[in-house]
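Chain by chain, the residues:
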Amino acid sequence: MRLEVIIQLLIALAFVLTWIFMPFWSLVSNIYIQKLTLLGFSITFLGSNYFLFVPNALAAFIYAIVSAVIPLVWRSSRYSLYLSLFTLSLAAMLLVTVFIFQSRYLYYGGYSIVPTATGYTYIRIPYRTYFNAPLYLFAVLFAVTALNATTRARWIMVRKLSLIEEALTMVRVKDPISAIRMALGRLGIQYSVINGSLVIGDLAIIMGGVEKEKLKDAKEYISFTDKNSIYFDGSSITELSIEQGILLALSKALIKGKPGRIEVVEYA
Amino acid sequence: MTPLKLFIISSLILTVIALVVVYGAIQYASSVHPATMTVVPYVDVEGVNVTGEGLIIKLVVVNSTGNLTVTGGYAEIIGTGQSSPLRVVGPLTLEGTYILLPQYVSMSTIGIRGLVSGTFYGDPMYIGFYLVAPIHVVINVGVGDVTYSNCLLNLTLTYSTPIPILINGAANVTLVDDSESQFVFFMIGNLPLHVLLMPGVNATSIMINAEELPNVHVFQCSLVSGHTYTLYLPITVTYIYPTTNVTAQLTLYRVFTIGG
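Chains A and B supply the protein sequences, listed in that same order.
Residue numbers for the first sequence follow numbering that gives the first Met the number 0, beginning at 0 and rising by one.
Residue numbers for the second sequence follow numbering that gives the first Met the number 0, beginning at 0 and rising by one.
Bound conformation, chain B alone (with noise of 0.2 Å):
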């Protein structure tokens, strides 16, 4: 075999394993494999709550790797229509706030869509979300002003709400002087009060006569200066929703100072 014939043919044989490694790593060397999703952030839910001021969704950017900051973003409730922008309330925390529609106390949950930015390593990121969360119906009421002159109790009733309240009445009211250990009054039975709370953030004030109270013990017509008082008011409260009515028990108290 003279040297060239040998060159020609080594070079054949070699280009054509060339070829064969060529094809073959087009054709099996596969590039997908599994997305590693634990370890890219992503936004959950924290609550959503229907409140007298609205409804109320927290997210919490999950971040187990990497240097994330959250600048922002917006949430748009599926169904309403409703959009939102995000504020930022923690390190990795957004809130978005919605005007109350009727239909959320209604709901046992609902889809929240949306975009929350930030950056992440100093460079932007994006990151979309869809989330299902349950809705938790969030009720605030609570005694605030007392004041008791003449046997006339007369105090206001904090509120926040979705959903519209009846106070049906109150039961067993007792104020006691607390620097005295004694009672003011009390009072045993039903009180009929038929008092309606509004949805929304507002306050309401109740006037007791409690001299007219059936079955009230009256001691003191007047609170004294610098003592401290406790105001007992177990209520019955009946919760309007669209669909049903709920009645409960509703024990409200407050602790208060007159004067100093």
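One chain only, chain A, in its complex shape (with noise of 0.2 Å):
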């Protein structure tokens, strides 16, 4: 899974959790307070409660949890990002509906006109509106989304080695044998160790210098020493360094074993 895809949903869940426990945006006066949760507006007018749920903002709420979950269970393509992108435009549409319907029914202009027991109260007290951590993690969220979705999630510069460079870096700690081997496994071809050789086919790569009857079968030999390396083709003897050996060697590897599986490639 990629890094890319993971700062999504941990934004996205960052995001969830705030709005568990913060309204999204509140309107406060002294007498009346409207708060939006994610089940819809929690209203308190002079000490008493009512609360009324707006599905929009539910709605709201698990599109943005599953704009963050499918690239997780679809990552076979970049269309996984698209929609991603495109689910989580939908919950910001209804996040905006909320807004239309709290402008359409739960308008409050700064003043009450409530009936009393003998007629009527006209109360006139400025009121505040302000947005909390949820909306400015949301707006990140929408960015890091569009960004996965136009990048195919590869912004991040910071990639891990190539198989090449992994294995050019481990033989300057560990033996070529070993690096090789390490290759090997990861390209998924199958290889025989004889008495420390390794044995693709009819080829063979040992350490130290050539043993003419340990390699009756070999036609085709790389040899390492502690400075170069040796090639052998069956009539001639190429000399070459150690890294150029290694990249000789894995090349012919692909082409003398059977390479296994071919590496997934996400959000192609």
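Since the hints were derived computationally from the structure, they do not count as laboratory data.
By construction, the Cβ of each residue, glycine as well, lies at the ideal position given by its N, Cα and C atoms.
Do not take every clue at face value.
Some chain A residues close to chain B (C-beta under 7 Å, calculated; not the full set) [as the list claims (entries may be wrong)]:
| no. | residue |
| --- | --- |
| 1 | 43 |
| 2 | 46 |
| 3 | 47 |
| 4 | 58 |
| 5 | 113 |
| 6 | 121 |
Grab the two chains, each in its own frame, and use the hints to assemble them into the complex.
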């Protein structure tokens, strides 16, 4: 799983958790308070509470979760990232409809005309509205999701080492045979180990000097020493450096051995 | 199924669900709910009195929540066209005074309509109200100054009344010297007076010659300085209401000290 998608998932998780514990938006005056929770509006007027369930808010919440989960369960295609962005756009639109609903049905202009036991009361008290952390997290989530969709989740430049780089790095601390065995294992190529030498078909990869009696079946061999390597193709000998020897060994192994499964590319 | 097809089908399904949710929210999420009347301040009537000074209504702001101060307002008496500003007489109490109209004493209830202004949590609020309240007719009659010399009793009746009152007579008038525990004079029987008190706040003088009273025992004809005296004056009065007259007994008395 790609780091970019994990980042998107973590921001979505932060958004979900903050919205559970704090309102998305609040309207506050001395006598009247409106809070947008994930289930709807929590309204307090002069100490009496009322909760208005608004399905749009809950749907926006669920869509944000679905948007983050889509790239987890569907990794084979880039359309998964497009679908994630589309779902989050729908969540944003649902949030907009919540505010349209608020201005249409729960509009509060800073005054109240309330019936009383003997008439009515007109109260004018100024109010403040403000957005809380969930909005800002939603904006960040939207930005990251859009970035993932446009870059196919490849915007973090730090990448892991390629197989060749890993093998060449390993040579510096271990012997070439171990590095080649690691690379062959990762590539899924079958090989046999005879007296510390690797044999792939009629290719032998050996350490140290060539002992003819050990390599009766081998037509070609690559021999590593401390300083360089030697390639023998049956008739002639070529002297190579250790790194060249490893590259040659791997490329020969790909032809002579049978590579296993091909590594899946995520969000292709 | 190709990824593109999966994408398009999923997008369509998600869009349809979102549309249904939005439609459902507008259709079924009702923002109408019962008003919470008990927590809102309102105006109630504390008393409506018809007195000689006029019609006095006393209003109180009932406030169970919040930080409320009352600054003023006005109230109108339904059906009379009278309107008056309200005076703030207490933290949450207001009073309005209206010129006495003849019909007030014959009404059993009146309707009051008006507006009280104030501040609620430091910001303006107005409380409109319409109240129906019973009327109380308040009549005050008392004895003011009393002098007694040469067997001549001079007394001042102070009164406040919205209706005319006829004093028919006094009975068993008695003046007692409390310091010596003895009568100055006492009278047994009735003394016709026929004094008419007109509506309003006023005073009237009554002069009684003790020696000329019927069935009277006079012990002294003047008062001693420094002594305390009590005057009992039981009177028969007729309240002249517009529709009916009511006769009643009223016992007035006054304790007074001469000189010092």
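Hint check:
For the restraint placing residue 43 of chain A at the interface with chain B, the shortest Cβ-Cβ distance is roughly 10 Å, beyond the 7 Å limit, so the hint is violated. Annotation: residue 46 of chain A was flagged as interfacial toward chain B, and the flag holds, the nearest CB pair being 5 Å apart, inside 7 Å. Restraint check, residue 47 of chain A versus chain B: the minimum CB separation of about 4 Å is within 7 Å; hint holds. For residue 58 of chain A, the interface hint holds, the least distance from its beta-carbon to any beta-carbon of chain B being 4 Å, beneath 7 Å.
Contact between residue 113 of chain A and chain B, as hinted, is supported at the beta carbon level, the nearest pair being about 5 Å apart and thus within 7 Å. Interface hint at residue 121 of chain A: satisfied, since its Cβ lies 4 Å from the closest Cβ of chain B, which is below the 7 Å cut-off.
Checked against the numbered hints listed earlier, the structure breaks hint 1 alone; every other hint is satisfied.
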